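These protein sequence lines map, in sequence, to chains A and B.
Take the first sequence: its position 85, counting from 1, is numbered 85 in our numbering, and each next residue is one higher.
Here our numbering runs 338 ahead of the position in the second sequence, where the first position is 1.
No lab work stands behind these hints: they were computed from the structure.
Model, not experiment: these values are computed from the prediction.
C-beta: ideal position from N, C-alpha, C; glycine also.
Heads up, a few of these hints could be off.
[Unchecked claim] Partial list, derived from the structure: chain A residues whose beta carbon lies under 8 Å from chain B:
(1) Pro15
(2) Phe75
(3) Gly77
(4) Tyr109
(5) Arg116
(6) Ala118
(7) Gly119
(8) Arg173
(9) Glu175
[Stated by the list, open to error] With a straight-line cut-off of 20 Å between C-alpha atoms, the simulated DMTMM-like cross-links for lysine to aspartate or glutamate are:
(10) Lys265/A <-> Glu295/A
(11) Lys169/A <-> Glu200/A
(12) Lys169/A <-> Glu194/A
(13) Lys292/A <-> Asp691/B
(14) Lys265/A <-> Glu291/A
(15) Lys488/B <-> Asp67/A
(16) Lys385/B <-> Glu654/B
(17) Lys169/A <-> Asp677/B
(18) Lys488/B <-> Asp463/B
(19) Lys265/A <-> Asp326/A
(20) Lys488/B <-> Asp579/B
(21) Lys169/A <-> Glu29/A
(22) Lys292/A <-> Glu694/B
(23) Lys169/A <-> Glu28/A
(24) Lys690/B <-> Glu295/A
(25) Lys336/A <-> Glu200/A
(26) Lys336/A <-> Asp326/A
(27) Lys385/B <-> Glu372/B
(28) Lys169/A <-> Asp33/A
(29) Lys292/A <-> Glu256/A
(30) Lys690/B <-> Asp238/A
(31) Lys488/B <-> Asp33/A
(32) Lys51/A <-> Asp67/A
(33) Lys488/B <-> Asp58/A
(34) Lys385/B <-> Glu602/B
(35) Lys292/A <-> Glu257/A
(36) Lys488/B <-> Glu62/A
(37) Lys488/B <-> Asp35/A
(38) Lys385/B <-> Asp653/B
(39) Lys336/A <-> Glu239/A
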Amino acid sequence: MERPDHVRHTERGEPVTMLEAIREALWEEMERDPDVFLIGEDIGIYGGAFKVTDGFLDAFGENRVVDTPISEAGFTGAAAGAAHMGLRPVVEMQFMDFVSCAYEPLTNYIATSRWRMAGPQPLVIRGPVGGGVRGGPFHSQNPEMAFFHTPGLKIVYPSTARDAKGLLKSAIRDEDPVLFFEHKKLYRAPFLREVLPREEYVVPLGQARVAREGTDISIVTYGNMVHESRKAADLLADEGIDVEILDLRSLMPLDEEAILASVRKTNRLLVVHEDTRTGGMAGEIAMRVSEKAFEWLDAPMLRVTALDTPVPYSPPLEDYFLPQVDDILEACRYLKAY
Amino acid sequence: MAEQAEAEAVEGEEGAPGKESLLELYYWLQMTREVERVLASLYRQNKVIGGLYRSLGQEAGAVGTAYALRRRSDGRGDVMSPAIRDLGAMLMMGAAPADIMKQYMAKGDGPTGGRETNVHFSDYDQGYVGLISHLGVMVGVMAGVALSFKLRGEDRVAVVYSGDGMTSTGAFHEGFNLAAVQRLPLVVVVENNGYAYSTPTSQQTAAASFVDKAEGYGVRGEQTDGNDVLAVWFAMRRAVDHARIGGGPTLLELMTYRRLGHAEHDPQKYVPAGELEEWAGRDPVERYQTWLLGEGGFAEPELDQVRSRVEREVDEARSIAEESPMPEPGSGIDGVYTDQPGWVPWTRRGRKDPHEA
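The following block holds chain B by itself, in its conformation from the complex (with noise of 0.2 Å):
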C-alpha cells in the first residue's frame, strides 16, 4: 500500500491524518458495517418494507471520498448526493443512524414520514441531497448545485456518486457534460463495483475502464483502489481541492466489488465461482484494522473501544426507529404544492356526497 506511506509522510502537515482521523475513519467503517448488519437483521424479521441495498465490501469508498469534504451542519458546507451503497458518506454528511433505520421501515417520524424508502432523503445544512430512483439525474441535480456555488461565489464543492450503471444512462452525460463545459465545482465519484444488478461492467461500457471517460469529457480523472480508505481519501481531496480552486470536475473511479447481491433478495448466482471468495479476501475495514494495528500503530484495545461505541450507538438507533410510529395513513396527501390543500375524495368524507368531489 503505497498510499499508506503516504499517510505516514504527510501526518504532521495541516490536513493530514493525525491519529484522531485515523480513528475516525475506522469508526466511519465499523458504523457502516453496523448499521447494515442491523438493517440485515431488521430485514429477516420483515421489519424492513422494501428493499434493502448494502455496501459490504465497497464501505471504504464512501467513507474515504465523504472524509474528505467540509462536513458542516450550517448549510455552509460541501454537499453531496449519494448512490444507492453510499450509506456511509450520508452517516458521515450527519444522517443519523436512526433515521437511516425509520426510511428503511417506513416509519412515520423518519426524515420523510413514511413517503420515501432507505437513503433517499435531504438536508440541506447538513449537506446531503436525496437521490431518487432514476439514475443519472441526481447528476445534473447536483451539477446544479455546484453551479449555485459558482454564481453567488461560494467557496463549496458537489459531490455525486455513481455506480458502474448510472453511467450508462443519457442523464449522467448531459449533467456530466454540462458540469465540464461550466467548470463546476463537481466531484463525480464512480464507484465501480462491478455489478450493476446483475449486468457485469462488461456489458455496461465498451471502455477499457471509467476514468478513461473523463478525457473525453474534457476533465480530470483519477482512478483508485477503492478498498485501500486512505488512499480512497486522499485521491478525493485531490479531486475536491482541484474543484475548489475553479478547476472543474473530476472523474473519480473507485476500483472495489460488490459482495452481495443488489438487494437482500438477490442470491447472485450471477456470479462467476471463485469471485466471491477473492473480494472477501480483500475486505477494506478488515485491510485496514490490519494496517493500524501494524503500521498504524494503534492498540487493540483503542479499536475495540470504537466498536463497542458502534455497537452501542447502533443498538440505541435501532430501539428508537422499532418503537416509533407507522404513519397516520391521511399524513401523506400534504406538501405537493406549497399552497394547494391535499385531495381527499368525497368517498372518504363524513358527508357522502360527490359534489364535494
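Looking at chain A on its own, in the form it has when it is part of the complex (with noise of 0.2 Å):
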C-alpha cells in the first residue's frame, strides 16, 4: 500500500510532531496487523477532530475505520465485544472528557473481564486530554485517576513525539486494555518535533524515564508538566539547586522502582501533575515512598497541582487553576531549603 505523505515524514528523515508521531504510529500497526482497526467519532471522513486518523478510511476502508454515532458507551462496549472475537480495537475520544460516558463499559466490563475469566480485551482507548487551550470545563480534564482506582486497566501518558509513538504500539500491541493519554497541547507544540528512528521501535509500558539527571530533588512527573517542570529545572540550576526530572509515561504500570530510585539519590521528592490535587497521583505516589523509603528522606514530600476545581475557560482563570512553572520553583527552594 503506497503511503500517502503526511504518514512518510519519519520515512524520510524529517522530523514530526507528536500528533504526526501518533498517526505514524497508528498507521504502521494498521498496516502490520489486519486485526488492528479503528472506531470512533468523526475518525472516518472528516478524519477525526485534531486530524489524527486523517487519510486513513481512504487506504483502510469502512471496515477498519469505523465511524460511529455520539456514543462512546456503544463503541466502547462494541470494542469490548470485536476484542473478544480476537480483534484489537483502538478507540478514539474524541476529547478525553467524554470517556466519562464510557466510564462503566470500562470500569465494569473491560478492566475485569480477565480477572472473571472472560477473556483478555487487547484494546486501546485513546484521545486529546489536558488543560492550557482555553478549552472550558468539558475539553480540558485530566481523568486518568477515575482509571487508575480501577484494575485491570493500563493508562499511558507520554510527553515527546518519540515516547507517543512507541508507547501507542505498546499499547496496541498489550493484551490488556489500555487508556492512552495525549495532551492536546502538546500535540504540535514546534519544541516537542523530532526526527525519529526510522526503524521499527517499542517503548514498552510501565517504564519511567529520566527526562533530566540530577542530585538536589526528585521532580516525579508526567505529560504536559515534564516541560513546565524542566523549565522550572533551568532557572533553578541557576541557583544552584539541580533537579531530577522523572517522566513516569507509564501511570499504570506504575515504575515504582524508578520512583524509589530517584528519591533514594535526591532524597527529597515533589510530585507534579496537571490534575487536581485531591485523590491525584501525587497521594498514591507519595504514600508508596512512604512506606519503602521513609528513612531516605530529608524533606516532607511535597506536590504542585491543578486547583481542586472543574477546569476554567477563561484564560486568567485557567492559568491560575494551572500549575505553573514558578509553584514549581517555590516548592523545589522550599525543599532545598528544608
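Hints in hand, dock the two standalone chains.
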C-alpha cells in the first residue's frame, strides 16, 4: 500500500510533531496487523477532530475505520465485543473528557474481563486530554485518576513524540486494555518536533524515563508537566539547585522502582501533575515512598497540582487553576532549604 | 396455535422440525426447568451463595430462540449473550449444568473459579458471552461481536437477550443504535415478562409495546408469543436469517411472564391478585407437552424417557457440583493483568515488613 505523504515524515528523515508520531504509530500498526481497527466519532471522512486519522479511511476502508453515532458507551462496548473475537480495536475519544460516558463499560466490563475469566481485552482507548488551550471544563480534563483506581486498566501518558509513537505501539500490542492520554497542547508543539528512528521501535509500558538527571530534588511527573518542570529546573540550575525529572510515561503499571531509585538518590520528592490535587497521582506516589523509602527522605514530600475545581475557560482563570512554573520553583526552593 | 400448524406444514423441508427436533426442544425445556428446580433446592439448603434467578414460566423464550442458532463448539458458530433468565439458552449453547451449579455455589473449580456468579461466564468456542450486572452494556458488546463478523466477512450472527427493564438503559440504546446504523448481524431478543424486579412494564416504557421501538431504530421488528416454543423458534429463525443475509438487526419481542419473584428471596407481593394463577395456566412446558402428545403425535413413554434422562443428568451434575471444592482464599488475586503479578499486602506475607508493601 502506498503511504500518503503525511505519514512518511519519519521514512524521509523529517522531524514529526507528537500528533504526527501518533498518526504514524496507528498507520504502521494497521499495516502490520489486519486485526487492528479504528472506531470512534468523526474519525473516517473527517479524519478526527484533531486530524489524527486523516487519510485512514481511504487507505484502510470503512470496515477498519468505523465512524460511529455519538455513543461513547456504545462504541466502547462494541470494542470490547470485537476484542473478544480476537480483533484489536483502537477507540478514539474525540476528547478524553467524554470517556466518562464510557466509564461503565470500561470499569465494569472491560477492566474486569480477564480476571472474570471472560477473556483478555486487547484494546486501546486514546484521545486528547489536558488544559491550557482554553477548552473550558469539558474539553480540558485529565481523567486518569477515575481509571487509575480500577484494577485491570493500564494508563499511558506520553510527553514526547518519540515516546508517543513507541508507547502507542506497545499499547496496541498489549493484551490488556490501555487508556492512552495525548496532551492536546503537545500535539503540534513545535519544540517537540523530532526526527524519529526510521527502524521500528517500541517503548515498553511501565517504564519511567529520567528526563533530566539531577542530585538535589526528584520531580516525579508526566505529560505536559514534564516540560513545565524542565523550565523550572533550568531556572533552578542558575540558583545552584540540581533537579532530577522523572517522566513516568505509564501511570499503570507504575514504575515504582524508578521513583524509589530517584528518591534514594536525591532524598527529596516533589510530585507535579496537571490533574487536580485531591485523589491525584501524588497521593499514591507519596504513600509508596512512605512505605518503602521513608528513611531516605530529608524533607516532607510535596506536590504541585491543579486546583480542586473544574477546569475554567477564561485565560486568567485557567492560568490560575493550572500548576505553573512559579509553583514548581517555590516548592523546589522550599524543599532545598528544608 | 397457528404456529403449530406451521410446524407441521414445514416438516420435511430442510431445517424444518422433524420428530427429533421437536423432542430436542422438549428436552431443553425440561432440562432448564429441572436445573432450576435443583438450584432452588440447593438454595433452600443454603448451598447457593448469592441470589437465585429463575425463569419459571418463560423457558420457551430462551429455548426457542437458542434453537434457531448455529450452535457449534469450535468457535465458529453464532454467539449469544444471555440475560439473567436465559439459563435455557446457556445450556443449549453448551454450558454444563454442573458448571452452572458450581457458579451458583461459588465453587473453586467452576468456570470463573468462584470469582463471578450464576450465568456470568463465557466460552467463545461454545459461543456464549456472560453478562455483567450492569444492564444494557451487553448490547454494545454484542454489537461489537457482530461488528467483528462483518469486518471479517464471517457468516455468523450475534444475539443479545434483554428483559423489559434493560431496554430503558442508555447503554441499550447506544448499542442498538450503533448496530442498526452499521446494519450488523445482531438479534436483540426482548423478553417482556411483565416485571423488572418489582417495576411493571407500564412504568418501564410509555410505548405500547417494545417491538414498536424497532421502527424508531430503523430495523426489523417482530413480536411473538413467548410461551409457544415453536412460535419463538420460527420467529427467531426469521430474525437470524435476516441478520445472516446482511439485513441488519431485528428486535424480537417475546410476550411472556415471570411467575416467580425477581430472585428467590422476593415474595412478589406487588403482583396483582389473579395474575400468577392466570399465567400458571399458560405454562410453556405443559403447553408444549400437551401439543406433543396431541398434534405432535408423540406417545407418553417417549416423553417419559426424555424426562428420566434429564433427571439423571441433572442429578449427576448436582453431585459433581456439591462435591467440588470451594476456592483457595488467595486464588483470586491473579489475572487482573496479563503481565502483572497479583499483589499481596505485607501483613499477609511471611516476613512482616512494610518495605515489601
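Here's how the hints hold up against the structure:
1. Pro15: 33 Å, violated
2. Phe75: 6 Å, holds
3. Gly77: 2 Å, holds
4. Tyr109: 5 Å, holds
5. Arg116: Hint holds; Arg116/A Cβ to chain B Cβ min 5 Å, cut 8 Å.
6. Ala118: 4 Å, holds
7. Gly119: 6 Å, holds
8. Arg173: 11 Å, violated
9. Glu175: Holds. Min distance 4 Å.
10. Lys265/A <-> Glu295/A: OK: Lys265/A and Glu295/A at ~12 Å, within 20 Å.
11. Lys169/A <-> Glu200/A: Holds, because 10 Å separates the two Cα atoms, which is no more than 20 Å.
12. Lys169/A <-> Glu194/A: 18 Å, holds
13. Lys292/A <-> Asp691/B: 10 Å, holds
14. Lys265/A <-> Glu291/A: 17 Å, holds
15. Lys488/B <-> Asp67/A: Within the cut-off at roughly 14 Å; holds.
16. Lys385/B <-> Glu654/B: Holds, at roughly 17 Å.
17. Lys169/A <-> Asp677/B: Since the Cα atoms of Lys169/A and Asp677/B sit roughly 17 Å apart, the hinted pair holds (cutoff 20 Å).
18. Lys488/B <-> Asp463/B: 18 Å, holds
19. Lys265/A <-> Asp326/A: Given pair Lys265/A, Asp326/A is violated - Cα atoms ~25 Å apart, limit 20 Å.
20. Lys488/B <-> Asp579/B: 15 Å, holds
21. Lys169/A <-> Glu29/A: 7 Å, holds
22. Lys292/A <-> Glu694/B: 7 Å, holds
23. Lys169/A <-> Glu28/A: 9 Å, holds
24. Lys690/B <-> Glu295/A: 17 Å, holds
25. Lys336/A <-> Glu200/A: Distance ~42 Å between Lys336/A and Glu200/A Cα, so the pair is violated.
26. Lys336/A <-> Asp326/A: 15 Å, holds
27. Lys385/B <-> Glu372/B: 17 Å, holds
28. Lys169/A <-> Asp33/A: Given pair Lys169/A, Asp33/A holds - Cα atoms ~11 Å apart, limit 20 Å.
29. Lys292/A <-> Glu256/A: 10 Å, holds
30. Lys690/B <-> Asp238/A: 45 Å, violated
31. Lys488/B <-> Asp33/A: 17 Å, holds
32. Lys51/A <-> Asp67/A: 14 Å, holds
33. Lys488/B <-> Asp58/A: Holds - the C-alpha atoms of Asp58/A and Lys488/B are around 19 Å apart, at most 20 Å.
34. Lys385/B <-> Glu602/B: Cα-Cα ~13 Å, so holds.
35. Lys292/A <-> Glu257/A: 10 Å, holds
36. Lys488/B <-> Glu62/A: At roughly 11 Å apart (the allowed maximum being 20 Å), Glu62/A and Lys488/B satisfy the hint.
37. Lys488/B <-> Asp35/A: 13 Å, holds
38. Lys385/B <-> Asp653/B: 15 Å, holds
39. Lys336/A <-> Glu239/A: Roughly 11 Å between the alpha carbons, so the hint for Lys336/A and Glu239/A holds.
Comparing the model with each numbered hint stated earlier shows that hints 1, 8, 19, 25 and 30 do not hold.
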